[in-house]
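Asks: Combine the two chains into a complex, taking the hints into account.
Each protein sequence line maps, in turn, to chains P and E.
Numbering-wise, my numbering puts 205 at position 205 of the first sequence, and it's gapless, one number per residue.
Numbering-wise, my numbering puts 373 at position 373 of the second sequence, and it's gapless, one number per residue.
Wrong hints could be hidden among the right ones.
Simulated pairs of lysine-lysine, DSSO-like, Cα-Cα distance not exceeding 30 Å [stated by the list, open to error]:
1) P:K238 to E:K517
2) E:K373 to E:K406
3) E:K395 to P:K247
4) E:K213 to E:K234
5) E:K406 to E:K311
6) E:K395 to E:K342
7) P:K238 to E:K273
8) E:K213 to E:K192
9) E:K213 to E:K135
10) P:K238 to E:K490
11) E:K276 to E:K234
12) E:K276 to P:K247
13) E:K474 to E:K276
14) E:K114 to E:K196
15) E:K276 to E:K423
16) P:K247 to E:K273
17) E:K311 to E:K490
18) E:K135 to E:K150
19) P:K238 to E:K298
20) E:K406 to E:K376
21) P:K238 to E:K311
22) E:K213 to P:K238
23) E:K86 to E:K357
24) E:K95 to E:K182
25) E:K86 to E:K474
26) E:K99 to E:K86
27) P:K238 to E:K342
28) E:K345 to P:K247
29) E:K376 to E:K395
30) E:K250 to E:K276
31) E:K490 to E:K298
32) E:K490 to E:K146
33) P:K238 to E:K114
34) P:K238 to E:K250
35) P:K247 to E:K311
By construction, these hints were calculated from the structure, which means they are not laboratory data.
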Amino acid sequence: MLVKIVERVKEFSLPGKASLVVILVFLLVAILAPYISIHPHNISSGPPLLPPGGGHPLGTDELGIDLWAQICYGARVSLLVGFGTALLAALGGGLIGIVSGYLGGWPDKVLMRLIDIMIILPDLPVMIVLAAFFGPSLLNIILVLALFSWVFPARIVRSQILMLKERSYIKSAETYGAGVWYLMWKHFLPEVFPLVAVNMIRLSGRAIVAEAGLSFLGLGDPTSKSWGLIIHHATNFKGIYYTDFWKWWLLYPWLALIIMVISLAFISRELERMVDPRMGR
Amino acid sequence: MPRKRFLIVLLLAISLSLLLFGCGTDQARDDQKPGVAKGGEQQQVDIIRLAGGDWGYPSPYAHYPRGPGIFKMCLIFDGLLERDEKGLIPWLAEKYEIKEGGRQYLFTIRDGVKWQDGKPLTAEDVKFTFEYASKYPMVSSYIGSKDIEKVEVVGDRQVLITVSEPNAAMLYNLGLTRIIPKHIWENVDNPKEFTKPEAVIGTGPYRLTGYNKEHGTYRFEAFEDFWGPRQRVKVIEFVPVSEEILAFEKGEIDLAGVTPDVLPRFQNDPQYKIVKSPGFWGYRLLFNMGDYPVLRHKELRQAIAYAIDTKELIEKVARGAAVPGSAGILPPDHVMYNPNVKQYKPDLQKAGELLAKLGYDKLDERGIRQNQKGEKLSFNLLVSSGEVRLAEVLKEQLARAGIEIKVQSVDMKTRDARVRENKYELAITGHGGWGNDPDYLRERFAGRSRGGISPSASGLRGYNNDELNNLLEKQRLEMDDQKRKQLIFKIQEILAEDVPEIPLYYTTGYNVYRPAKYDGWMFMFDHHSLTHSKLSYLERG
Chain P
1 MLVKIVERVK
11 EFSLPGKASL
21 VVILVFLLVA
31 ILAPYISIHP
41 HNISSGPPLL
51 PPGGGHPLGT
61 DELGIDLWAQ
71 ICYGARVSLL
81 VGFGTALLAA
91 LGGGLIGIVS
101 GYLGGWPDKV
111 LMRLIDIMII
121 LPDLPVMIVL
131 AAFFGPSLLN
141 IILVLALFSW
151 VFPARIVRSQ
161 ILMLKERSYI
171 KSAETYGAGV
181 WYLMWKHFLP
191 EVFPLVAVNM
201 IRLSGRAIVA
211 EAGLSFLGLG
221 DPTSKSWGLI
231 IHHATNFKGI
241 YYTDFWKWWL
251 LYPWLALIIM
261 VISLAFISRE
271 LERMVDPRMG
281 R
Chain E
1 MPRKRFLIVL
11 LLAISLSLLL
21 FGCGTDQARD
31 DQKPGVAKGG
41 EQQQVDIIRL
51 AGGDWGYPSP
61 YAHYPRGPGI
71 FKMCLIFDGL
81 LERDEKGLIP
91 WLAEKYEIKE
101 GGRQYLFTIR
111 DGVKWQDGKP
121 LTAEDVKFTF
131 EYASKYPMVS
141 SYIGSKDIEK
151 VEVVGDRQVL
161 ITVSEPNAAM
171 LYNLGLTRII
181 PKHIWENVDN
191 PKEFTKPEAV
201 IGTGPYRLTG
211 YNKEHGTYRF
221 EAFEDFWGPR
231 QRVKVIEFVP
241 VSEEILAFEK
251 GEIDLAGVTP
261 DVLPRFQNDP
271 QYKIVKSPGF
281 WGYRLLFNMG
291 DYPVLRHKEL
301 RQAIAYAIDT
311 KELIEKVARG
321 AAVPGSAGIL
331 PPDHVMYNPN
341 VKQYKPDLQK
351 AGELLAKLGY
361 DKLDERGIRQ
371 NQKGEKLSFN
381 LLVSSGEVRL
391 AEVLKEQLAR
401 AGIEIKVQSV
411 DMKTRDARVR
421 ENKYELAITG
431 HGGWGNDPDY
441 LRERFAGRSR
451 GGISPSASGL
461 RGYNNDELNN
471 LLEKQRLEMD
481 DQKRKQLIFK
491 IQEILAEDVP
501 EIPLYYTTGY
511 NVYRPAKYDG
521 WMFMFDHHSL
531 THSKLSYLER
541 G
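Okay, chain E solo, but in the shape it has when bound (with noise of 0.2 Å):
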């Protein structure tokens, strides 16, 4: 008897567990119905998810100062300009003027833009915003403290910017920068701890109505006042994933990063459609030459270029979906890339003659290189959790070269800041933002940062180069740009001979998504992920 009345309860627990089951499954397929055109042709859908991650708080001064950080904060705050495929388009400005040289910008603000608030954006908060930002840089900061001269207020609806001098990148500088509310952040002495819900009000596209930490979730709601193109997501939600592609499978996220060994499961399948990223996410290895004096000899740093055998890398450890970096720093899919600088092919010879002709001619009994008084050429190399395997192949084939490596791993936030304080010998980091204005060379190599703490703009300390200086400020002046790409192209060619830092590779991974789902994906022109651009998510023209 108890036994057949155990049979019953199983029987029931079964059905019941089936019934949920079934219910779960019937949700999931609603998520996939593809969203039905409302008026326009543009398909609409309700909620869009993507692998999560804590960020930071998306307010201009709280958030993690790299790609994912940045571009949800930017999914709240407008900038003057916009980046498309192309290049910039007017956004919350209206109209642009450059005048006197490039010394003055005129921007003519829209009507009819409102905060999150409800308030109405007006001239006196760009205003605002440029002089607040220059006294507190933002954490992806654009301009330093001392390139604003002035900001006036023209008339009702236009900002005419000074500038300290001509600068060629200025525009994009001064396009991109995030504005604030004056309402809200005038009477915020520390931007940095100010995370109260007014911290993320902005005139974007998105609302933030959920950020949980420890679960690293987001919730963006489209702003129904919003000023400009209508958003075709209703909601952008970020979701916590372990492992993307099953995610993505499971239809728990509607993009993913894709290997190129799981591609054929998506290939030839028109429920998929793959893209490939723009090679503007790379990794570079870093020499602290300010600390440590042996890496200053140019002829050091050429003979670890001349040992790095970047296809390797590519191959093992991109799994083949990555370009190798050019020694001129420029990737090849950038605008000024200068395909003629010179290139160091993997050549052991050469590598050795080098080293030989600084006095490290001799070997010790584990093969590595010494000199006269014995020192060795063994360096530390910090890296992050994730490029451990990088750094595995990276020792390996300095080894070969007689140099030893002994790898350090933390984790990527500390790793961030070490290299930000120049606490390494040698470090790899990795981040996006190659694809930008070449102005970035100034800041990584002239040491012009603009204040921000992005891992893209830290410096090498300890290096100086006269002519690379001079060089440097003067594209930054040149406001032609045929001109200015032949300095860029020069700039590269003394980068290359120097070797300052050497990017090992620029990733080109592949995203995949469903287009019956959502197709409204895109790249911004200097930009490698879809995910990060604003237009991805608005109605186009």
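Isolated chain P, as found in the complex (with noise of 0.2 Å):
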């Protein structure tokens, strides 16, 4: 299994084997922040808005607090908001996708259309009265991020069982008295597993960034000192642009953020390039 997935990671391009390196650092910054941080995070330990250097590598913000120290726990954060976003939306869509596709019939048809309406429906406004109306909280914004997340996975999935279900294998195994369950463990999930990990990945993305906006628009929980909310508390301070402070107060945040999102994207490109053949080699 893990030769497999060394096998695979060697055929990504250079950018796609950086960007796994920076994801892993992510990662292992986020697990490690209590260790790596020098500083506390939510309490001050210097001189308000010092520059970057000496003790506090990264500068310290307007009430005294490390940067640094800020940015690694907002890893954990950021990190956390994207995978349990995208595994919720990947569980829930998957989910619904096999009912709708094998099923068929009327409830494929009422769930298609509810799709429809996700899809039509403008996310980030939605999102930012969800998130008004169920109050500041790191769980509230998973679960309305990942509410307007599943639709994707849900039609890829419905689209491949649509396929599968017309296969002989499976029609044979029907014929031998297979049940529904048993279809979906031993035939339809590791068909569609790939796709699913490949659309996680890209949901994860959206969901640091949209977490990121929302605490940019103070919507987020404001003790969870996400990256989105650093850059709030940052360009909410009056005049930072006519002040020396946004050079580290905002531009490391946002670079942190820009670099994960970024990295994310390509993995997600390579892993397509992969699962999907039909995409040019």
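Replies: Structure representation (structure tokens):
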């Protein structure tokens, strides 16, 4: 299994490999945050608005809280939101896709119309309303984001199932008396999993950006210290562009966000290329 | 060939955009030309633009109960008196007399005042206003339903108001109540819902000529038949602004608040003038003693006061532009400020002793104090999204004293509503009005609201101190200024000892404007904002 993964990774292009390394680094930073952050991430540890250097590698914000520590812990929030949303959306969407595709008939019709509605709904405005309505907390953000993300895996899985269930080996399994659950576990899931996995990576990138956006608008969890929230506080600092403070307070969380999202996009492209042979090699 | 054509099109597009751009800057330059004095010496200006935002429809019943909403309404509506730098000045009333030891007020209404629909202002309108405002309190209400006993019209230009009890603040309250036209409002039963164009007809210097709730824009035009001093500003516009200082630099707005960090940009440049605001806008920490009995312990509130380092709050959150809160509530800039009240210098040891005295002498594994029964000192702090940073510092400071704070942030209007309805445990609210007549202490601490919904008037539930209540009633009846000051001094001492709420700091922000464009800005004697004073836009004698 491990060998297989390594073999696959070897097929990655250079940006793909680099992206994978970046994501792994972010993962490590997130996991090891308490050990590598030097200073606490939620209480002040120095004078306010200290430029990078000295004891504070990336400087401090206006409350004197170390930015490096905030970015380390922010990576936790971003990754949690990203992968949490993707997992939830993929599970829910995958299940709905299988049900819709396998059963067909009116459940399929109802679900497909629901998906159509979800697709035309402009997601950001509705997310803003929902986030404001449910109140700011990390779990709510994940739930709201997942609510808007499940349609993509659902559609992909459904079309895949429609194709699979006409295959002769499925038909013969059915004639031998295979149940729905058996078919799902033994045949459907292994077939659709790679597709869903690719989609998950893309969804997590989207969720990270959406969380940052909601936090930036002040709808995130005010105590969670995500990257979006650091940017929110920095841009809310009156006249920040007329001072030097943006050079660290705004720049570093923004860079972290950009690098992570771009890396996820590259990885997702690489995986897509492998799963879907039609996309040019 | 196609390439050549493309180049030509590109060139055309560039020159066209340059042309348009040129026009734009020309226009901007026109706006910045200093107003030329016509006739008098005081410069006139065609248009002043200020940062907008939706603060409600500017009728006395529909605007939002905060400064920017109140003063927009005041541009349209006049009171019997007005505020200048030093105090109250006659306005719609030419003169006034206080009779019967403060029981009666005789106002002589100015002749020749016209409503913005052309009808003349009469004494009947004034009588109607006070009766109507007693029945339906205005948003920014100065009089309560039981304050006025009767209003009589004497002769054709005088109004005699008999109040239920003498009250030192009554002249201020009667004088600043906005006069509304009887012929429009007499048939209105639901003034809050009345937002027709007639609802914004007053006698004031400006007419509302545009309001967009969604964009938060307002446009006020000078009213030609205004009775009083000539308007120096023809049009006041409130425009949407995302970054105030950027908009000011680009000339999109004509006055901006700046933080000390940006101040050097404008200092030593003769083009700009910088004015510091007096500290009449403050933040206070509220305790809901009604629903949370633990907060009724004076020692707990004192311990919290000892645990808070206001200097750090000011340095970090206000960037130094504020004065620390006085435990006696009234700010240092207030005329009746008592400088000798007990002040709570940050002292964790004292805080700890006080908490231990209440039985909170053990720490749990997270360092939070708890008593024998295992009850922890943990509170929910309600703030608006603009005060999250303030709350974060506060949380850190209180954590050092073993008190846990959970920050709940909502938008400003929700916070205001929840504070009004007492749906909070601890809350931070910030508002102006700290420089007003000290009778506001009675509203806050003796639960005597005048019926308005202003955040500065939100009282405290579950707080009662008989001695304080007595003094608050006594100062109200005391018409002698010096004796009243003594009483207010005593009241501040009691408040400082009792800590029913903690004033955190009073902001003293900086305002910057271009005097060449317009220089009429002034502060009312008890207010923090240049743009809020009506006289800022009028010719001065």
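Asks: Now tell me, hint by hint, if it's right for this structure.
Replies: Checked hints:
Proposed proximity of K238 (chain P) and K517 (chain E) is supported: the alpha carbons are some 24 Å apart, at most 30 Å. Restraint check for K373 (chain E) and K406 (chain E): satisfied, since their Cα atoms lie roughly 21 Å apart, inside the 30 Å limit. This hinted pair checks out: K395 (chain E) and K247 (chain P) have alpha carbons roughly 28 Å apart, not beyond 30 Å. With a C-alpha separation of about 22 Å, the suggested pair K213 (chain E) and K234 (chain E) falls inside the 30 Å cut-off, and the hint holds.
Using a Cα cut-off of 30 Å, the hinted pair K406 (chain E) and K311 (chain E) holds, with the two alpha carbons roughly 22 Å apart. Taking the CA atoms of K395 (chain E) and K342 (chain E), the gap is near 24 Å; set against the 30 Å cutoff, the hint holds. Between K238 (chain P) and K273 (chain E) the alpha-carbon distance is near 19 Å, which keeps this suggested pair within the 30 Å criterion. For the hint pairing K213 (chain E) with K192 (chain E), the CA-to-CA distance comes to about 16 Å; that is within 30 Å, so the pair holds.
For the hint pairing K213 (chain E) with K135 (chain E), the CA-to-CA distance comes to about 28 Å; that is within 30 Å, so the pair holds. Proposed proximity of K238 (chain P) and K490 (chain E) is contradicted: the alpha carbons are some 39 Å apart, above 30 Å. Using a Cα cut-off of 30 Å, the hinted pair K276 (chain E) and K234 (chain E) holds, with the two alpha carbons roughly 26 Å apart. Only pairs whose Cα atoms come within 30 Å are accepted, and K276 (chain E) paired with K247 (chain P) is accepted, the gap being roughly 28 Å.
Among the hinted pairs, K474 (chain E) with K276 (chain E) is inconsistent with the structure: their alpha-carbon atoms are about 35 Å apart, more than 30 Å. For the proposed pair K114 (chain E) and K196 (chain E), the alpha carbon gap of about 20 Å is at most 30 Å, so the pair holds. Taken as a hint, the K276 (chain E) and K423 (chain E) pair is broken in the structure, with Cα atoms around 35 Å apart against an allowance of 30 Å. At roughly 28 Å between alpha-carbon atoms, K247 (chain P) and K273 (chain E) fall within 30 Å of each other, so this suggested pair holds.
Distance check on the hinted pair: K311 (chain E) and K490 (chain E) sit about 26 Å apart at the alpha-carbon level, within 30 Å; holds. At roughly 13 Å between alpha-carbon atoms, K135 (chain E) and K150 (chain E) fall within 30 Å of each other, so this suggested pair holds. Restraint check: the Cα-Cα separation between K238 (chain P) and K298 (chain E) comes to about 37 Å, which exceeds 30 Å; the hinted pair is violated. Note on K406 (chain E) and K376 (chain E): the hinted pairing holds, with a Cα-Cα distance of about 13 Å set against a maximum of 30 Å.
Between K238 (chain P) and K311 (chain E) the alpha-carbon distance is near 20 Å, which keeps this suggested pair within the 30 Å criterion. Taking the CA atoms of K213 (chain E) and K238 (chain P), the gap is near 24 Å; set against the 30 Å cutoff, the hint holds. Simply put, K86 (chain E) and K357 (chain E) have alpha-carbon atoms about 48 Å apart, too far for the 30 Å limit, and the pair is violated. Only pairs whose Cα atoms come within 30 Å are accepted, and K95 (chain E) paired with K182 (chain E) is accepted, the gap being roughly 22 Å.
Annotation: proposed proximity of K86 (chain E) to K474 (chain E) holds, straight-line Cα distance about 26 Å (limit 30 Å). A threshold of 30 Å between alpha carbons decides the hint, and for K99 (chain E) with K86 (chain E) the separation of about 23 Å falls inside it, so the pair holds. Straight-line distance between C-alpha atoms of K238 (chain P) and K342 (chain E) comes to about 34 Å, which puts the hinted pair past the 30 Å bound. Restraint check for K345 (chain E) and K247 (chain P): not satisfied, since their Cα atoms lie roughly 36 Å apart, outside the 30 Å limit.
Using a Cα cut-off of 30 Å, the hinted pair K376 (chain E) and K395 (chain E) holds, with the two alpha carbons roughly 15 Å apart. Between K250 (chain E) and K276 (chain E) the CA atoms are separated by roughly 22 Å; this keeps the pair inside 30 Å, and the hint holds. Between K490 (chain E) and K298 (chain E) the CA atoms are separated by roughly 18 Å; this keeps the pair inside 30 Å, and the hint holds. The suggested pairing of K490 (chain E) with K146 (chain E) holds, with an alpha-carbon distance near 27 Å, which does not exceed 30 Å.
A C-alpha spacing of about 43 Å is found between K238 (chain P) and K114 (chain E), which places the hinted pair above 30 Å, so the restraint is violated. About 16 Å separates the Cα atoms of K238 (chain P) and K250 (chain E), which keeps this hinted pair within 30 Å; it holds. Restraint check for K247 (chain P) and K311 (chain E): the C-alpha separation of about 27 Å stays at or below 30 Å, so the hint holds.
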